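*Asks:* Read top to bottom, the protein sequences are chains A and B.
Okay, so the first sequence: first residue is 15 according to the numbering used here, each after it adds one.
Okay, so the second sequence: first residue is 14 according to the numbering used here, each after it adds one.
Derived from the structure by calculation, the hints contain no laboratory data.
All figures in this text were calculated on a predicted structure; none of them were measured in a lab.
There's no promise every hint is true.
[Said to hold, decoys possible] Cross-link-like lysine-lysine pairs, in silico, DSS-like; alpha carbons within 27 Å at most:
no., chain 1, residue 1, chain 2, residue 2
1, B, Lys57, B, Lys30
2, B, Lys57, A, Lys63
3, A, Lys117, A, Lys82
4, A, Lys117, B, Lys57
5, A, Lys72, A, Lys117
6, A, Lys63, A, Lys83
7, B, Lys57, A, Lys83
8, B, Lys65, A, Lys117
9, A, Lys63, B, Lys51
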Amino acid sequence: AQSVTQLGSHVSVSEGALVLLRCNYSSSVPPYLFWYVQYPNQGLQLLLKYTTGATLVKGINGFEAEFKKSETSFHLTKPSAHMSDAAEYFCAVSSHYTGTASKLTFGTGTRLQVTL
Amino acid sequence: DAMVIQNPRYQVTQFGKPVTLSCSQTLNHNVMYWYQQKSSQAPKLLFHYYDKDFNNEADTPDNFQSRRPNTSFCFLDIRSPGLGDAAMYLCATSRVSQRGSSYNEQFFGPGTRLTVL
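Excised from the complex, chain A in its bound form:
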């Protein structure tokens, strides 16, 4: 069984400040990890993903995340927040086996507010 825990349902930062959204996972197999962003009344857009290889992954819009196996974490960061970053962010873990459809288990989401 897999699960994802996102600490903090709401995070507020000032424009230009560091963004840090926390995600911890539980998985019985090597995980594939994702961060998605969702703007109001829209679908999910993939920000970045960790599958294999380099543990520091860079995504769109200046976001990056680091896979830390020892801490079972995959925190999302951005050095300088922009007003357009205000949205809901979901961390997800994938269960999959070769030749089968992937299944995503999502965290409960973190709403990011960016203030002037």
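Given the coordinates of chain A, assemble chain B onto it according to the supplied hints.
*Replies:* Coordinates of chain B only, in the frame set by chain A:
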């Protein structure tokens, strides 16, 4: 541009009146998923089609059905919508390959927001 399309974007139905939501894709992906997302909650997988094979999640109510008449289209049917079925319904697609990487990324549509009166 290749994409996942959901129609309509907003759907209003009456309590107990059957409703169908539509998803189409131009990505030629062999897997299509339906998720339910209630307000301020995470998306919850209802079921998925891998080619023509239907895979239902164990806790998906019988009130929810799906059809996939061809590769490009997939429908979500709610036979008797209740007030608790009001939610955003998200369609996603992915391509499973029997060779190479076991990972297949999911691409999401914009969603259909269902209101039940």
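*Asks:* Now tell me if each hint is right for this structure.
*Replies:* Do the hints match the structure? See the list:
Under the criterion of a C-alpha separation no larger than 27 Å, the hint pairing B:Lys57 with B:Lys30 is consistent with the structure, at around 23 Å. The hinted pair formed by B:Lys57 and A:Lys63 meets the criterion: a straight-line CA distance of about 20 Å does not exceed 27 Å. For the proposed pair A:Lys117 and A:Lys82, the alpha carbon gap of about 22 Å is at most 27 Å, so the pair holds. For a cut-off of 27 Å, the pair hint linking A:Lys117 to B:Lys57 stands: about 10 Å separates their Cα positions.
Distance check on the hinted pair: A:Lys72 and A:Lys117 sit about 23 Å apart at the alpha-carbon level, within 27 Å; holds. Our distance criterion of 27 Å between C-alpha atoms is met by A:Lys63 and A:Lys83, whose separation comes to about 15 Å. Taking the CA atoms of B:Lys57 and A:Lys83, the gap is about 26 Å. The hint holds against a cut of 27 Å. Our distance criterion of 27 Å between C-alpha atoms is met by B:Lys65 and A:Lys117, whose separation comes to about 17 Å.
Simply put, A:Lys63 and B:Lys51 have alpha-carbon atoms about 24 Å apart, close enough for the 27 Å limit, and the pair holds.
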